[in-house]
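Okay, here's what each chain looks like letter by letter:
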Amino acid sequence: MSQLSSRHLLGLEDTPESDITLILNTAETFSEVIERTIKKVPTLRGITIVNLFYEPSTRTRISFELAEKRLSADIVNFSTSTSSVKKGESLRDTVQNIEAMKIDMAVVRHSSPGAPYFLTNCMDANIINAGDGSHEHPTQALLDMFTMRRKYGRLKGLRVLLVGDVKHSRVIRSNLWGLQTMGADVALCGPSTLLPREVEQFGCDVYTNLDEALEGVDVVNVMRIQLERQQAGLFPSQREYTNLFGLTKDRLKRLNKNFTIMHPGPINRGVEISSEVADSENSVILEQVTNGQAVRMAVLYLLSGRKEELA
Amino acid sequence: MATIKFDMVIRGGKVIDPEFGFGKDATILINDGKIAGIEIESPELKKQIDKLPKDKIVDASGKLVVPGLVDIHVHLREPGREDEETVVSGCRAAAAGGFTSICCMPNTTPRIDSQEAVKFVQDRAKDADARVFVVGAITKNIEGKELAEIGDLVKVGAVAITDDGNYVQNPEIMRRAMEYSRMFDIPVMEHAEDQFLSTGSVMNESFQSTRLGLPGTPSVAEEIAVLRDIALSRLTGARIHIQHISTKETVEAIRTAKKEGLRVTCEATPHHLILTDEEIGKKFNTNLRVNPPLRSAKDRDAVIEGLMDGTIDCIASDHAPHSAEEKDCEFDQAPPGMIGLETTLGLIKAFLIDKGLLSWADAIRKMTINPAKILDLNCGTLAVGAEADITIIDPDKQWTVKPKEFFSLSRNTPFDGYKLSARVYKTILGGRIVFER
Chain A
1218 MSQLSSRHLL GLEDTPESDI TLILNTAETF SEVIERTIKK VPTLRGITIV NLFYEPSTRT
1278 RISFELAEKR LSADIVNFST STSSVKKGES LRDTVQNIEA MKIDMAVVRH SSPGAPYFLT
1338 NCMDANIINA GDGSHEHPTQ ALLDMFTMRR KYGRLKGLRV LLVGDVKHSR VIRSNLWGLQ
1398 TMGADVALCG PSTLLPREVE QFGCDVYTNL DEALEGVDVV NVMRIQLERQ QAGLFPSQRE
1458 YTNLFGLTKD RLKRLNKNFT IMHPGPINRG VEISSEVADS ENSVILEQVT NGQAVRMAVL
1518 YLLSGRKEEL A
Chain B
587 MATIKFDMVI RGGKVIDPEF GFGKDATILI NDGKIAGIEI ESPELKKQID KLPKDKIVDA
647 SGKLVVPGLV DIHVHLREPG REDEETVVSG CRAAAAGGFT SICCMPNTTP RIDSQEAVKF
707 VQDRAKDADA RVFVVGAITK NIEGKELAEI GDLVKVGAVA ITDDGNYVQN PEIMRRAMEY
767 SRMFDIPVME HAEDQFLSTG SVMNESFQST RLGLPGTPSV AEEIAVLRDI ALSRLTGARI
827 HIQHISTKET VEAIRTAKKE GLRVTCEATP HHLILTDEEI GKKFNTNLRV NPPLRSAKDR
887 DAVIEGLMDG TIDCIASDHA PHSAEEKDCE FDQAPPGMIG LETTLGLIKA FLIDKGLLSW
947 ADAIRKMTIN PAKILDLNCG TLAVGAEADI TIIDPDKQWT VKPKEFFSLS RNTPFDGYKL
1007 SARVYKTILG GRIVFER
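Protein sequence lines correspond, in order, to chains A and B.
Each residue of the first sequence is one higher than the one before, starting from 1218 at the first, in our numbering.
Each residue of the second sequence is one higher than the one before, starting from 587 at the first, in our numbering.
With the rest of the complex left out, here is chain A:
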């Protein structure tokens, strides 16, 4: 297989194992490129990519931008923190205007679940979901899987625990589906108020007790907890969240040997994860960021349909 089954990357729920494997394998090649002195290849020369960010984002936007630059694509950035509806121009009109400038691919971050799907009906460009509300964030999950696979040489059979705001986390959804497709054994943990309705239908273990959840786990992927959830009454205080769900050093003993700590960032040090754990030798948090480059380069390359040699 050298081609993806879809011309868009909207999410991992329906992405087949062969596509994920192809992306991860291709990312291996690109991860070698970004270690070079000259971190640039001509692969996407002449291709124009728009980064449509309807939500504030720092690392995902920078990561995509760098990936695009290193592939020699031409880039335009469109960022706004107000929704198109409030601005008075519809999302369709905005993107059709942009596409009229001859855009080949669009990377989209948007607060509405399904917005990337909507864009596939508005424009011909390849659409890459860079996070749609609480729905999916497929490139984050792919880079997480890439990082795990690099460390363990496999995904199948790994016990992976995703901790945090399960209800609102797009990173959790994409990780869950991607990892399940790849044969990993996924478990979820979070406060019961942040476990969405009928969560058991995801077909994985679900915990509200972190210590129990950590038992026998290879990888713990900790999610940022947002203060606004407390304001919405979903948990009483940050202090109590940290007491119940904060990953601290004394909790790590329950994990398997050679365990891994991950976090998609940005980190609230001392809230969902202690500094000691975040900075420990088992933490791969910065490697995740580096790997994000290679994975996004792979996704862009594969979706572009370019047949040239990668590097």
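The set of hints was computed from the structure by calculation and includes no laboratory data.
Take the hints with a grain of salt, since some may be wrong.
[As the list claims (entries may be wrong)] Partial selection, computed: residues in chain B whose CB lies under 8 Å from chain A:
1. E791
2. F793
3. T796
4. L798
5. G799
6. G802
7. F870
8. E916
9. F917
10. D918
11. Q919
[As the list claims (entries may be wrong)] Pulled from the structure, derived: some chain A residues nowhere near chain B, Cβ distances all over 12 Å:
12. S1223
13. T1246
14. K1373
In this text the structure is predicted, and so the values were computed from the model without any measurement.
Even glycine gets a Cβ: it sits at the ideal position worked out from N, Cα and C.
Using the hints, position chain B against chain A.
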């Protein structure tokens, strides 16, 4: 047979008039826009009919002839959003869908919370293709704070009150509205939704909302609202009508209330009888965004069961037009609502009658005499002396829903492309053919 005077007939069709239990071939005699009789044609009658001008003899062979259909839950967007629907266009859509009487909801801009507003709509409906009965607001500006001048509204013809779109959150206000409504013996129609539980939500809360990361409203938001209103009806003795019920528990609550003998009625929409929340994740089709939201299969099945056992009195479309621009957007940005006047009959046939869940007689009852009785409307029957509002149905007509052919000014239906199996042949309003196909 004493000779009956008539100037128009509908012959050859199978007549279903639920009130009288008719179900056989008969000829309907109309005189001066009113029903003059339903007769089996004798040789003399036949001779008499043959003297009529040809255009006064409607051939309904192979068709069903039923009282003009009644839809007690329709949003005409006039005044305020005449781009989405006007009184006239909504009535045209009604006629095309077989409805001769419709009740319009007061959440227009401005609201129908004054005599002037009621009269405005009535005036617009004067020459329209359907009868429009106006439902007034419960509270001023539908804000749930102070009662509207309900006596004034009733005086000029409002047939019921509702704050549809909003639930009257404050139980004290609702209690007073119910007590007050008793003076006029009008029902209080309720959009049952506890808005503390539903704030911010755009679909049903279930595994589907969990999958899609869309905020969901739990079905208890409806159940709690309905239980409160049932309790208040028990306290006040008021007639209440629960609109568009959508959950298993609501059906059960109303079933129990009816057994107790409370004055509670309710309606279900075709979409809650047919669709579930599983549709949403397929394409994020904004036409599936509706309030109350499409629920789980167990809820849908319970609503069907409630319709079959009589817990649910009637079928109503909750026809809610929205402009194409407003619906052409991200799922959670779209306003809730879908249109239904032109698809209700075909959907009920294809999804309930064809599946053996409902008989034609029951279906017609729930779209004619039952809704008419809930609001004491003088329609929904072929009784002698009644207005000659008649719908002739082609009962096995196969057709495909094509929104661009709708008479409604809006196109927001999730049933685009559905293959349906019954269609209106002619719609007659007061002896005048207002629609034919």
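*asked:* Quick check for students: does the CB of S1223 (chain A) sit more than 12 Å from each CB in chain B?
replied: 15 Å, holds
*For the hint on F793 (chain B), just tell me whether its beta-carbon gets within less than 8 Å of chain A.*
4 Å, holds
*With a cut-off of 8 Å, does the beta carbon of G802 (chain B) approach a beta carbon of chain A closely enough for the hint to hold?*
7 Å, holds
_Does D918 (chain B) hold up as a contact with chain A if the rule is Cβ-Cβ below 8 Å?_
With a closest approach of 5 Å, the D918 (chain B) hint holds.
*Hey, does the E916 (chain B) contact hint survive, CB to chain A under 8 Å?*
Holds, because the Cβ-Cβ distance from E916 (chain B) to chain A comes to roughly 4 Å (cut-off 8 Å).
*Grab the minimum beta-carbon distance between K1373 (chain A) and chain B and tell me whether it stays above 12 Å.*
It holds; K1373 (chain A) is separated from chain B by about 24 Å at its closest Cβ, greater than 12 Å.
*Would you check whether F870 (chain B) satisfies its interface hint, that is, whether its CB is within less than 8 Å of any CB in chain A?*
3 Å, holds
*Quick one, is the F917 (chain B) hint okay against chain A at 8 Å, beta carbons?*
This hint holds: F917 (chain B) lies near chain A, its Cβ roughly 5 Å from the closest one there, short of 8 Å.
*asked:* Hint E791 (chain B) vs chain A: min CB-CB distance below 8 Å?
replied: 5 Å, holds
*Taking 8 Å as the limit, does the beta-carbon of T796 (chain B) come near enough to a beta-carbon in chain A?*
Holds, because the Cβ-Cβ distance from T796 (chain B) to chain A comes to roughly 4 Å (cut-off 8 Å).
_Hint status (Cβ of G799 (chain B) to nearest Cβ of chain A, threshold 8 Å)_ = Interface hint status for G799 (chain B): holds (3 Å vs cutoff 8 Å).
*So is T1246 (chain A) really clear of chain B, every C-beta pair being over 12 Å apart?*
Consistent with the label, T1246 (chain A) stays out of reach of chain B, its closest Cβ about 32 Å off (over 12 Å).
The earlier numbered hints are all upheld by this structure, with none contradicted.
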